[in-house]
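Visitor: Modelling step: build the complete structure from the supplied sequences, incorporating the hints.
6 protein chains.
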Amino acid sequence: MKSSRNRASRGFEAEGLVVFGGTASTHLAQKICSYLNVPLGRATIGTYPDGETLVKVEEDVRGKDCFVVQSTSPPVNSNLMQLLIFMDSLRRASAKRITAVIPYYGYARQDRKSEGRMPITAKLVANMLTSSGADRVLAMNLHADQIQGFFDIPVDHLTAAPVLARHFQREGVENAVLVSPDVGNIKFGNDFSERLGSELAVVHKRRLTGDSTKAITIIGNVEGRDVMMFDDMITTAGTVCEAAKLVRSHGARKVFVAAAHGVFAGPAVERLLGAELSEIVVTDTIEACPEIRAQLKNLTVLSVADLIGEAIKRIHEHQSVSALFRLAEDGE
Amino acid sequence: MKSSRNRASRGFEAEGLVVFGGTASTHLAQKICSYLNVPLGRATIGTYPDGETLVKVEEDVRGKDCFVVQSTSPPVNSNLMQLLIFMDSLRRASAKRITAVIPYYGYARQDRKSEGRMPITAKLVANMLTSSGADRVLAMNLHADQIQGFFDIPVDHLTAAPVLARHFQREGVENAVLVSPDVGNIKFGNDFSERLGSELAVVHKRRLTGDSTKAITIIGNVEGRDVMMFDDMITTAGTVCEAAKLVRSHGARKVFVAAAHGVFAGPAVERLLGAELSEIVVTDTIEACPEIRAQLKNLTVLSVADLIGEAIKRIHEHQSVSALFRLAEDGE
Amino acid sequence: MKSSRNRASRGFEAEGLVVFGGTASTHLAQKICSYLNVPLGRATIGTYPDGETLVKVEEDVRGKDCFVVQSTSPPVNSNLMQLLIFMDSLRRASAKRITAVIPYYGYARQDRKSEGRMPITAKLVANMLTSSGADRVLAMNLHADQIQGFFDIPVDHLTAAPVLARHFQREGVENAVLVSPDVGNIKFGNDFSERLGSELAVVHKRRLTGDSTKAITIIGNVEGRDVMMFDDMITTAGTVCEAAKLVRSHGARKVFVAAAHGVFAGPAVERLLGAELSEIVVTDTIEACPEIRAQLKNLTVLSVADLIGEAIKRIHEHQSVSALFRLAEDGE
Amino acid sequence: MKSSRNRASRGFEAEGLVVFGGTASTHLAQKICSYLNVPLGRATIGTYPDGETLVKVEEDVRGKDCFVVQSTSPPVNSNLMQLLIFMDSLRRASAKRITAVIPYYGYARQDRKSEGRMPITAKLVANMLTSSGADRVLAMNLHADQIQGFFDIPVDHLTAAPVLARHFQREGVENAVLVSPDVGNIKFGNDFSERLGSELAVVHKRRLTGDSTKAITIIGNVEGRDVMMFDDMITTAGTVCEAAKLVRSHGARKVFVAAAHGVFAGPAVERLLGAELSEIVVTDTIEACPEIRAQLKNLTVLSVADLIGEAIKRIHEHQSVSALFRLAEDGE
Amino acid sequence: MKSSRNRASRGFEAEGLVVFGGTASTHLAQKICSYLNVPLGRATIGTYPDGETLVKVEEDVRGKDCFVVQSTSPPVNSNLMQLLIFMDSLRRASAKRITAVIPYYGYARQDRKSEGRMPITAKLVANMLTSSGADRVLAMNLHADQIQGFFDIPVDHLTAAPVLARHFQREGVENAVLVSPDVGNIKFGNDFSERLGSELAVVHKRRLTGDSTKAITIIGNVEGRDVMMFDDMITTAGTVCEAAKLVRSHGARKVFVAAAHGVFAGPAVERLLGAELSEIVVTDTIEACPEIRAQLKNLTVLSVADLIGEAIKRIHEHQSVSALFRLAEDGE
Amino acid sequence: MKSSRNRASRGFEAEGLVVFGGTASTHLAQKICSYLNVPLGRATIGTYPDGETLVKVEEDVRGKDCFVVQSTSPPVNSNLMQLLIFMDSLRRASAKRITAVIPYYGYARQDRKSEGRMPITAKLVANMLTSSGADRVLAMNLHADQIQGFFDIPVDHLTAAPVLARHFQREGVENAVLVSPDVGNIKFGNDFSERLGSELAVVHKRRLTGDSTKAITIIGNVEGRDVMMFDDMITTAGTVCEAAKLVRSHGARKVFVAAAHGVFAGPAVERLLGAELSEIVVTDTIEACPEIRAQLKNLTVLSVADLIGEAIKRIHEHQSVSALFRLAEDGE
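If you read the sequences in order, they're chains A, B, C, D, E and F.
One gets my numbering by counting positions in the first sequence from 1 and adding 3 to each.
One gets my numbering by counting positions in the second sequence from 1 and adding 3 to each.
One gets my numbering by counting positions in the third sequence from 1 and adding 3 to each.
One gets my numbering by counting positions in the fourth sequence from 1 and adding 3 to each.
One gets my numbering by counting positions in the fifth sequence from 1 and adding 3 to each.
One gets my numbering by counting positions in the sixth sequence from 1 and adding 3 to each.
These are computed hints drawn from the structure, not numbers from a lab.
Misleading hints may appear alongside valid ones.
Heads up, the list lumps identical chains together, so a pair's fine if it works in one copy or across two of them.
Derived DSSO-like pairs (lysine-lysine); straight-line CA-CA distance at most 30 angstroms [stated by the list, open to error]:
# : residue 1 : residue 2
1 : 300       : 99
2 : 99        : 34
3 : 34        : 217
4 : 208       : 59
5 : 300       : 248
Guide: As structure tokens, this is what we get:
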């Protein structure tokens with residue numbers, strides 16, 4: 004992307020492109036701005052003594068094409084609210100167009116009523132984004148593709164898959180068996196199977212007849228093979244660590260784990276430390292805190308800044324974003 | 004449900020419950036009315052010489068609680084438009100509440116942008132239903148649960164799974180291996196695996212390295228076992244028939260196929276005739292035309308009329324619909 | 004229009020104008036593109052085996068000014084749905100502006116509640132067009148002018164009247180008596196009376212006192228005169244053929260019939276063949292199928308492609324469309 | 004209607020029916036309340052010293068079924084604004100349902116763009132009514148039936164035609180010739196022709212060839228006959244008085260004029276005084292001021308209070324309003 | 004502002020800026036156009052004989068950036084309706100952007116429910132402005148700042164304070180005591196106190212214990228001092244004249260009164276004539292009629308045309324409007 | 004209220020009234036339920052390991068009249084989000100009506116653009132409440148009355164003023180001087196002045212001429228008097244403590260401070276401890292944490308549970324809520 008980048012970014016600022024970063028994605032926004040060769044948009048973001056969020060845009064945005072980069076990662080409610088307030092400010096300040104750039108879309112798993120009397124919070128969030136002023140959304144690895152349909156405004160949906168796949172191709176582990184740690188997540192793993200040409204195996208939990216307990220089994224063969232497990236996100240790492248233990252007990256050799264989003268909540272770090280993984284790979288859609296990086300020595304964090312930066316450039320210049328996927332797959 | 008049904012249905016008509024049936028679901032609507040012990044709502048539905056759809060509600064619906072039963076099965080565009088016009092009539096005729104009862108929700112597979120510049124027609128349909136006057140929706144086995152989130156109005160989502168599972172339990176085939184004919188459809192099969200306590204196997208298509216062709220393999224063991232394949236719908240029957248052939252070549256004995264919705268489009272009948280299946284089971288969410296019934300001797304059509312009828316009763320009486328699932332699972 | 008056309012069309016493509024054609028208006032869209040000197044926008048439009056409509060826009064439309072030409076002529080429901088899906092695709096693909104170009108607007112006669120508990124489908128369609136992404140509408144000879152008010156987005160409303168009138172002026176029949184075949188349609192005929200300076204007569208059906216049958220009479224004088232009958236559309240041709248018979252019985256000589264839209268539904272062709280008309284004139288807002296053209300030897304189809312093309316040019320360039328009417332009337 | 008009225012109205016007040024009257028329809032609202040046997044809803048309506056409209060609802064309307072009777076007759080802007088503010092008060096005061104009862108709907112003639120860059124004020128008014136809190140509308144003799152379609156909320160559309168027709172039947176003039184004073188208004192006259200079984204004639208203005216002036220002619224025969232002219236409204240009375248003169252010059256005897264709405268604006272009274280009309284009949288949808296009544300000795304004002312009152316009763320009790328038309332036609 | 008004005012206005016017309024004036028602000032609109040060096044947009048605004056408002060835009064506005072200057076001053080309902088119809092015309096005529104410029108926003112004092120069952124007319128008006136097509140609003144000295152929040156579209160809110168303050172600075176009266184004539188209005192006065200560095204006093208009405216009458220007192224010292232009283236508007240002048248009398252009775256010397264908006268309703272002129280004021284200063288947000296100017300010899304009317312003109316220029320050119328305040332405060 | 008309460012609450016549960024409490028208002032909701040004699044609605048409210056809020060309504064709410072009591076006090080973003088998710092659950096679970104009961108409305112001070120490029124977060128919150136399913140709002144002591152106008156749904160606005168005033172009347176301090184600690188807050192204090200018949204004084208900060216510092220002065224007389232200071236909320240207590248110091252330096256005796264909402268953020272406790280106040284009085288719209296109660300020995304917390312409970316009862320029974328104010332003022 005190098006050469007086109009330099010050519011493309013010439014004069015973005017003059018053209019009215021402004022990229023802002025919320026506090027959840029400060030570093031990522033900074034890197035995106037470096038890719039685009041524009042200064043980060045100036046804004047005061049803070050908290051009043053009573054905890055209310057304060058946003059004040061510090062530069063003129065009238066008639067500008069504004070992008071706000073903000074993951075709704077933990078603390079999700081504050082980060083979401085900050086994004087909404089940010090967009091309300093921009094709308095009232097007469098921005099020409101507002102794109103919510105949401106590398107990690109919190110509440111994405113609450114995307115259906117799994118039981119009666121449950122909310123569909125992912126839709127509630129979509130409505131809030133639209134009604135607070137977003138003209139379009141740029142998201143990455145939504146938990147379900149259908150979340151795009153929660154919006155009536157355009158959604159550009161990127162995937163970190165090429166970034167993750169390229170990493171393993173470079174490390175030369177692409178011939179490992181691909182294990183889906185859960186029947187529900189098989190889709191994401193299957194994409195990698197397609198991409199890397201790997202065999203697939205699935206971990207399956209089954210209710211035993213006449214019993215409320217479940218037996219965990221593996222469908223497919225992992226004996227003597229290296230194993231890769233892909234998921235859209237690592238949250239408490241329970242499923243993936245249980246699966247890692249299972250494949251190891253079935254004779255697997257090295258176990259690699261990769262995900263687009265590294266949430267690392269609750270007992271995640273402890274579990275991952277105990278899971279004897281060769282490598283844990285995530286991207287910077289969520290900014291990994293220094294403590295986690297220090298504890299997880301086998302953690303690799305890849306950056307999606309260039310990918311998002313290029314998408315912003317294309318959106319701003321009215322170029323195809325889907326073409327970006329093909330570029331990405333061809334190794335650019 | 005018998006006893007409660009008699010008690011509950013006493014006077015539904017007097018209470019202001021009216022159930023209408025569109026032309027795609029005439030028989031089903033009639034059966035639902037029998038369950039509820041109410042006469043089918045009167046309406047003239049037809050087509051003008053130039054093909055425009057004509058709907059005229061023939062009874063007073065002011066202040067009534069109206070349900071319109073209409074699958075958006077083929078011809079999908081006309082059936083959908085008929086449903087929308089029906090609801091516009093009811094709204095303008097001052098119905099108190101309008102529930103769109105959609106046993107089969109057409110366009111459900113167009114629920115995400117699989118590529119650039121594609122529509123999300125399932126969302127477009129959701130918007131159309133809402134804006135034409137639906138206050139709520141009652142649907143069955145939506146292709147993806149997330150479609151519920153395409154609406155901001157209440158959606159009651161029923162599943163034909165207990166009806167199908169009970170059928171196989173009665174026939175005594177529940178100990179067969181459950182095969183998911185495609186990685187993408189594994190969720191629906193997994194539900195049955197949970198419900199029936201069966202083992203699971205998955206058919207997997209994999210791109211061979213350095214080649215554009217794909218190899219089809221089966222993950223898990225089917226040798227000498229009976230096989231059940233469940234899917235939410237049978238459309239062209241391509242995937243399921245290919246999977247049937249594969250499991251048979253891996254030594255499977257009898258093969259059963261079941262789905263909530265029997266669309267039977269294009270080459271479906273021909274394929275199913277050639278697939279040597281022991282039984283094909285669907286429900287009457289889509290009315291199977293006599294020709295198909297005549298050709299497919301091994302086709303069993305179960306009715307969901309009582310299930311939908313009970314749900315309508317509960318919605319009308321402000322009772323829990325999710326409780327209906329528990330009743331259903333406990334064999335009523 | 005010739006000279007301005009060449010000047011204006013230079014570089015339309017580069018400027019971001021894209022014209023797409025739906026399957027109901029393929030030829031018309033092609034002619035419009037010829038007028039504008041732009042290539043027809045590429046899109047895949049088709050039908051899945053189960054009859055669901057498929058639209059995939061095949062060229063980048065980000066930031067483009069898009070026009071979709073699609074009459075909602077029979078089969079109206081499929082053609083309408085195709086138009087809506089087309090616009091949903093364009094909206095989600097980030098088109099800058101979407102204009103629905105609807106040469107024939109189906110369901111236009113369902114524009115009011117003629118009885119209780121009837122829909123107002125023409126409004127339902129207007130709502131659907133708006134909510135699926137249309138930013139503006141370009142229509143021709145709407146059955147009632149008030150349909151413009153069903154929209155809150157801008158509607159440019161063209162009339163084929165100058166095209167039809169010019170035809171008769173060229174043929175030298177403009178001094179004929181203008182007969183309105185029905186009291187309800189008198190408005191359209193009156194416009195021509197104004198335009199051509201002709202005398203007017205009206206066919207009137209009257210309930211006889213104390214009787215449920217009606218007598219058909221003619222108010223005004225047609226004896227020994229040529230007669231022209233204008234209507235916005237010819238559907239089943241019942242009214243117009245009955246009127247033709249009546250005027251002939253009152254001594255009229257040649258009878259000419261003209262309409263903007265030639266729907267030709269149900270018994271239309273048969274009736275028209277039996278009506279001894281000198282000429283039937285319609286435009287290509289609806290594409291006349293070859294069978295109809297073959298059967299109706301006295302059918303003349305005029306093209307409105309240049310008219311629509313010029314309107315698109317003016318909309319794209321922010322020029323007055325109402326000025327177009329004056330140009331048209333002055334013979335350009 | 005007498006007997007049913009007494010039965011039906013028992014306890015309307017207790018049931019939560021409240022009828023308010025705006026200042027444009029104080030007398031009519033009072034008569035409607037008499038028909039319904041309920042007290043007129045209490046409210047303070049006034050004007051601040053700077054001309055701003057003041058509305059304060061003076062009784063509790065929480066959970067009540069509220070009707071606001073207000074014609075948007077001259078001064079139209081103030082009467083309209085008063086109606087909107089009234090409904091805003093009721094909405095914020097938690098009324099259960101609000102029906103705007105608009106006997107005369109001002110701005111109804113601005114229902115289409117007759118030229119470029121014109122508003123469609125009748126639609127603007129419809130949007131304002133809906134967004135200020137109206138749940139439904141009850142209107143009379145809208146200038147065009149299509150105005151119903153400007154709303155997505157239910158509109159009950161009454162006609163004063165039976166009230167006017169019955170008047171002439173009682174006077175024994177129903178065998179007169181029915182003359183439409185203008186081609187554009189022929190629809191309303193035609194309804195009466197149907198209702199009274201009369202012959203029809205039409206006044207037609209025609210542009211002379213090669214000239215900008217117009218000739219006024221009459222199509223049909225009025226010689227030696229009594230003439231009735233019906234229109235939806237009498238505004239400046241120009242067209243109707245010109246037509247009266249014309250029919251008289253063609254040998255007509257007595258000339259009767261009738262309309263649902265008597266606006267009597269500008270030179271109307273003067274013109275009507277000079278037109279030698281046998282009788283002018285209007286209804287009280289607009290309250291005729293005493294001066295006009297004093298000047299126009301031949302003016303008859305019929306009341307639509309019972310008709311509207313009965314419609315309100317039926318809406319409140321969820322009974323058919325369209326059935327009311329049949330009752331009306333059968334002479335009740 | 005002089006120099007920048009000349010530079011900036013070069014070619015505004017060519018750039019697509021059009022400024023229209025409603026009948027309530029004809030002179031102000033003309034002055035604004037002079038500031039911007041553009042011709043006033045052409046439109047026919049009138050009244051039909053029945054009092055309905057007529058607006059016809061007389062120049063092409065497709066793709067233009069349109070501003071409609073119209074105070075909703077008395078007669079408020081007609082002026083408001085005219086503004087709404089104007090915007091509906093512009094929207095339907097395909098204007099690119101519509102800004103409602105409302106120097107005086109009528110109904111602003113009805114901005115909250117002061118008692119039960121009252122409307123919030125200022126919000127109703129905001130909804131009407133938005134739904135009739137306004138893309139943005141430019142207002143001056145709204146009665147409460149919170150009215151900005153009644154809109155979700157951008158509102159630029161100007162203040163006449165610098166214009167008024169500069170006037171008094173020039174006259175050398177800025178060291179007077181600033182008296183707030185009412186506790187409720189203290190905010191506006193306090194702004195001037197900040198701006199002019201004056202001392203503050205407040206007039207306070209207090210209910211006496213056990214009594215329904217109120218005592219009027221002054222908090223703070225005015226003895227031997229000149230007094231300035233500022234308010235956002237002078238309506239009936241009751242409060243301000245009562246306060247003037249009070250301060251005089253407490254020994255004040257000269258009394259000056261200033262307001263952004265001079266409504267002068269009801270007994271205002273009479274009261275002001277009797278109040279022995281040294282000077283009354285208002286701006287031309289409301290056009291003072293010649294009678295008032297003739298009667299109130301001590302009335303000074305300052306113009307806000309340059310202020311509004313500069314704001315329009317900045318909005319059109321996507322420059323900061325808030326920067327305008329700083330320029331204003333620095334004496335430009 | 005005792006007797007009416009017992010009578011009124013009989014059978015509320017059977018009638019379909021359900022009151023839920025969010026985690027910010029658990030105790031208050033419990034007390035309200037005690038007043039209403041209904042059990043608190045059952046729901047699971049929690050937090051997932053990654054911090055996402057979880058709400059699951061645990062009882063059937065179909066057709067029920069639901070109230071959710073939740074202050075959006077600190078942590079404001081989580082409490083607000085919880086309320087929104089709660090309402091989304093209720094809406095999707097087919098509740099008949101949802102009332103958001105918000106004793107303390109966070110972000111209320113962000114109710115206008117105080118500078119350029121600022122959000123109006125109080126309006127954003129209002130939009131979010133409406134779009135997540137609230138049919139109505141019950142709030143207390145909104146920072147500005149105009150916030151009611153941010154909604155188009157009914158808002159019942161209660162005031163804690165009678166509760167606070169009665170407290171001081173009982174303690175016999177009502178004859179003290181009422182001091183407004185800031186010019187901007189004078190409105191709230193003035194209400195008390197009206198209510199208690201007290202004299203008023205105002206603390207005023209003034210910019211000194213030619214200087215950027217401000218002088219703080221007191222307008223009115225406090226020497227030798229007891230002082231009461233009322234505000235809608237105590238946040239950081241800076242203004243009120245500074246004012247307390249000032250009045251003491253001007254010779255005031257005892258100083259009492261009262262507010263509807265006790266936020267006590269940042270340095271509030273420390274400041275209040277140093278301010279030598281005789282008593283600090285707040286209500287339980289915000290639940291005071293035990294630490295604050297332990298530290299502030301002179302803190303009195305009054306309950307508004309009966310007031311809110313009575314309002315809920317009246318809303319549920321369609322009785323006047325504004326009548327409640329009169330009852331309250333008359334000492335009930």
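Visitor: If the cut is 30 angstroms between Cα atoms, do residue 34 and residue 217 qualify within a copy, between copies, both or neither?
Guide: neither (46 angstroms within a copy, 39 angstroms between copies)
Visitor: At most 30 angstroms between C-alpha atoms: does residue 208 with residue 59 qualify within a copy, between copies, both, or neither?
Guide: between (50 angstroms within a copy, 25 angstroms between copies)
Visitor: Taking 30 angstroms as the upper bound on the Cα-Cα distance, should residue 99 and residue 34 be classified as within, between, both, or neither?
Guide: both (24 angstroms within a copy, 29 angstroms between copies)
Visitor: 30 angstroms Cα cut-off: does residue 300 pair with residue 99 within a copy, between copies, both or neither?
Guide: Answer is neither; intra-copy 45 angstroms and inter-copy 48 angstroms both fail.
Visitor: Within, between, both or neither: how does the pair residue 300, residue 248 come out at a Cα-Cα threshold of 30 angstroms?
Guide: within (19 angstroms within a copy, 48 angstroms between copies)
Comparing the model with each earlier hint shows violations of hints 1 and 3; every other hint is respected.
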